[in-house]
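Colleague: Chains as they are written, first to last, in numbering that gives the first Met the number 0: chain A, 0 to 357; chain B, 0 to 244; chain C, 0 to 66.
None of these hints come from the bench; they were simulated from the model.
For each residue, glycine too, the CB sits at the ideal point set by N, CA and C.
The hints are all genuine.
Here are the computed distance ranges between Cβ atoms for each label pair:
#: 1; chain 1: B; residue 1: Ile198; chain 2: A; residue 2: Asp218; range: 35 to 45 Å
#: 2; chain 1: A; residue 1: Val226; chain 2: C; residue 2: Lys22; range: 53 to 63 Å
#: 3; chain 1: A; residue 1: Leu191; chain 2: B; residue 2: Pro137; range: 54 to 64 Å
#: 4; chain 1: B; residue 1: Met184; chain 2: C; residue 2: Glu30; range: 28 to 38 Å
#: 5; chain 1: C; residue 1: Glu65; chain 2: B; residue 2: Lys188; range: 23 to 33 Å
#: 6; chain 1: A; residue 1: Glu47; chain 2: B; residue 2: Ile198; range: 16 to 26 Å
Distance condition first, Cα-Cα at most 30 Å in a straight line; then the derived BS3-like pairs of lysine-lysine:
#: 7; chain 1: C; residue 1: Lys23; chain 2: B; residue 2: Lys188
#: 8; chain 1: C; residue 1: Lys46; chain 2: B; residue 2: Lys181
#: 9; chain 1: C; residue 1: Lys63; chain 2: B; residue 2: Lys192
#: 10; chain 1: B; residue 1: Lys6; chain 2: C; residue 2: Lys66
#: 11; chain 1: C; residue 1: Lys29; chain 2: B; residue 2: Lys6
#: 12; chain 1: B; residue 1: Lys42; chain 2: A; residue 2: Lys45
#: 13; chain 1: C; residue 1: Lys34; chain 2: A; residue 2: Lys224
#: 14; chain 1: C; residue 1: Lys66; chain 2: B; residue 2: Lys188
#: 15; chain 1: B; residue 1: Lys188; chain 2: C; residue 2: Lys63
#: 16; chain 1: A; residue 1: Lys45; chain 2: B; residue 2: Lys200
#: 17; chain 1: A; residue 1: Lys45; chain 2: B; residue 2: Lys201
#: 18; chain 1: A; residue 1: Lys41; chain 2: B; residue 2: Lys200
#: 19; chain 1: B; residue 1: Lys201; chain 2: A; residue 2: Lys41
#: 20; chain 1: C; residue 1: Lys66; chain 2: B; residue 2: Lys192
#: 21; chain 1: B; residue 1: Lys42; chain 2: C; residue 2: Lys63
This is what each chain is made of:
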Amino acid sequence: MGQKMLMKGNEAIAEAAIQAGCRFFFGYPITPQNQIPEYMSKRLPKMEGGCFLQAESEVAAINMVYGAAGAGARVMTSSSSPGISLKQEGISYIVGAELPCVIVNMVRGGPGLGSIQPAQSDYYQSTRGGGHGDYRMLVLAPSSVQEAVELTQMAFDLADRYRNPVLIMGDGLIGQMMEPVEMPDYHPAADLPPKTWAATGWTPQSDRERAIINSLYIDPAVLEKHVNHLYEKYAVMEQTECRWQEEMTEDADYILVAYGTTARIARSAMRKLREEGIKAGLIRPITLWPFPSAPIAQAAEHARAFLTVEMSMGQMVDDVRLAVDGKKPVHFFGRTGGIVPTVREIITQVENLAKEGK
Amino acid sequence: MAVIYEKTGILTDTPLHYCPGCTHGIIHRLVAEAIDELGIQGKTIGIAPVGCAVFAYNYFNTDMMEAAHGRAPAVATGCKRVNPDNIVFTYQGDGDLASIGAAEITHAATRGENITVIFVNNAIYGMTGGQMAPTTLPGQVTTTSPYGRDPALCGYPIRVSEMLATLDGPAYIARCSVHDVKHIMDAKKCIKKAFETQIAKKGFSMVEVLSSCPTNWGMTPREALNWLEANMIPQYPLGVKKEVE
Amino acid sequence: MALLTIARETCKGCGLCADVCPKKILALSKEINSKGYHPIAVTDQEKCIGCAFCARMCPDAVIKVEK
Chain A
0 MGQKMLMKGN EAIAEAAIQA GCRFFFGYPI TPQNQIPEYM SKRLPKMEGG
50 CFLQAESEVA AINMVYGAAG AGARVMTSSS SPGISLKQEG ISYIVGAELP
100 CVIVNMVRGG PGLGSIQPAQ SDYYQSTRGG GHGDYRMLVL APSSVQEAVE
150 LTQMAFDLAD RYRNPVLIMG DGLIGQMMEP VEMPDYHPAA DLPPKTWAAT
200 GWTPQSDRER AIINSLYIDP AVLEKHVNHL YEKYAVMEQT ECRWQEEMTE
250 DADYILVAYG TTARIARSAM RKLREEGIKA GLIRPITLWP FPSAPIAQAA
300 EHARAFLTVE MSMGQMVDDV RLAVDGKKPV HFFGRTGGIV PTVREIITQV
350 ENLAKEGK
Chain B
0 MAVIYEKTGI LTDTPLHYCP GCTHGIIHRL VAEAIDELGI QGKTIGIAPV
50 GCAVFAYNYF NTDMMEAAHG RAPAVATGCK RVNPDNIVFT YQGDGDLASI
100 GAAEITHAAT RGENITVIFV NNAIYGMTGG QMAPTTLPGQ VTTTSPYGRD
150 PALCGYPIRV SEMLATLDGP AYIARCSVHD VKHIMDAKKC IKKAFETQIA
200 KKGFSMVEVL SSCPTNWGMT PREALNWLEA NMIPQYPLGV KKEVE
Chain C
0 MALLTIARET CKGCGLCADV CPKKILALSK EINSKGYHPI AVTDQEKCIG
50 CAFCARMCPD AVIKVEK
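So that you can see chain A by itself, here it is in the shape it has in the complex:
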C-alpha cells in the first residue's frame, strides 16, 4: 500500500485506473463525473502511449472505447445517467463482440435531464443489460472512496478475464466526496488470458487467426449459440464473482439492504437502532449483478423482515424480493430525484415496523 492521500472519489477512480494499466480514456463532459476526464486529461498524455480524447458525444466516446478495446488496450470511459443512456448502443455492441472495458456511471437523478444530485435510479438499466439484446454486465457498487479504488482496479482484471464490460456504479456523492485513500500496489491477476483475439495487424504468416471484432451473426442458429456462450460466462460470474458485506445479521430481526452511499446511511441507522434495543443488521451488495441472493435468502430463515433502502422509487427491492422468495416481508424506503435519505428517516421506518409487529 502506498501513501495515504485525501482524494475526491472521481479522481481516486481515475488514478486507480491508471495504476491498473489503463492508458486510454474517451469521454464527454457531464456533471457529476467531470473530475474523471479532467484527471485523465492531465495524466494520460504524460504517460508513454497514453491517450485522453474528449469525444464529440457519449455515443462517439463508447465507440472509441470499442475500437481501443478491440485493439487490445485497457480502456475506460465514464459518464452520468443521461450520458450512460446514450452509451447503451455501444455497450451492447461491446458485449456482443466480447470486448473488455470499464465504464463508470456516477448516477444522478432522472428521468430525463433530471438533476445533478446523487441517485440510484439506474439500477434496472445497469443490472438488466441496459441496451438491446440478451446480456449482462458485471456491476460493482462502491460505498467509499477507498472501495471505489479497489473495485476500479479489480474491474480491469474482471473485464479482461471475461471479455465483458464492467460497470462501476457510483452516485454523485461517491464521485464528489473526499476521503482518505491508500492506492494499493496493483498487480494484474497472473492467470488473465492473453488477448490473441485483438486486431493489431495480420498476414497469412501470422501465428493467430485473422481478427474479426464483430457482433453480427446473421444465422439465427449461430447467434443463439453465441448468446448461449455469453450466458455460460454469466453463469461462471454468478458462481465466482458475487460480492457483498454483512454486518450484524446473525441475530438481526430487521435486515437493512442497501448499496453505495445509501449503505453508509443505513449502517449508521443500524447502529442507532441497536442502541435503542432493536436488533438490526445490514446486507450491502457490492456486486449489483451478479446479485448476492444467497446471503439474503439465508437471512430470510431467521430475520423478521427486510427493509430495502434506495435512492430511487424501488428497483433493487425487486431482487431482494426474488431472493427472499416470499418467506418474509420485504419493505421499501426510498427517496428519489437527488434526495439522499437520512439516518433518522430509516430509523423511523424500522421503529414503525417494530411497533406494528411487521
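Based on these hints, arrange chains B and C on the given structure of chain A.
Modeller: Relative to chain A, chains B and C alone:
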C-alpha cells in the same frame, strides 16, 4: 504467359454478397489492390459499417472490426490511438456516414484523425431496401420518397466532400466515380493516395466514390452507370477537394 | 493473343465486362451456374488483346487476364 490482371490476395475467396452489377465490388477491389501495392496488409485494420458493406469483414483479408451504424470513424479513432503505426480505414455508405454518423465523420475529420475513410455514395439506402438517403438527389424516387425527394419537405442532398474540405483537419479529400474503366483507374489512384497520406502521418484522408445501386434504382447495371454519370456527377462534381502537401 | 480465365461460379452475369470490351468478345453464356446466373464467357479468345478492361470493370473479381 504473364499475368496481366488477377484478383488480389487482399480480398478473401468469400464470394461477395452484393447484387449483380453493384459497384461495391469494384470499390472493394480498388481498396484491396491499394493495400496490396503499398505492402501494408500486416498493419492494416479495416472498420466495416452498417449498410450493404456490413459484411466487409468477410472480404478484406486483414484484421477487421464491425462498427455500429455510423460509428466507424469513432471505432477507427480508438483503434488508431492505441496503435498509431497500424493503418486504419473505414468503409462506409452514405446513410452510415452522412446521416446517422454525420457527427462522427465530421469530428474525426476536424481532429485530423490519421485514418482513411472510403465513402461509398450511391444516393440510397441499399441494404434496407431503397429508402431515401442524405445524398438522394432532388426529385429522385425512393421507397420513402415515392413522389421524388422534395427539398421543401426534407432538404437537399449533402456534398460531404466539399463540406469536410472546409475544415482545417483533413489532409486529403477527393471524389471519384467507378462508372467506367478510366474513372475506375482514377479512383484507384485517389484511394492509394489516401492511404499514402495516412502512411506519411499527414492526417485525415477520405475518398468519396460515386457508386451505383441497380437493384434499388430499378435499372440494369449498365443503365445504372449511365444514370450515375448523367445525374450524380453534376450534383457531386469529381476531383480533389483538399490536399495538404 | 491473350487468355481470359473466368471464375464461372462467382460470376453474377451483370454484363458490365461485355460493355467495356473493345473487341466485343464477351457475352453471357446460355448455361447457368449454381447461383442461377448466366456467367460471362469469351466468344472469340483469338481476338483478345489483354487490355484487362473487363477485369477492371468486374465487380466480383472473376476475370484473370494473361498474355
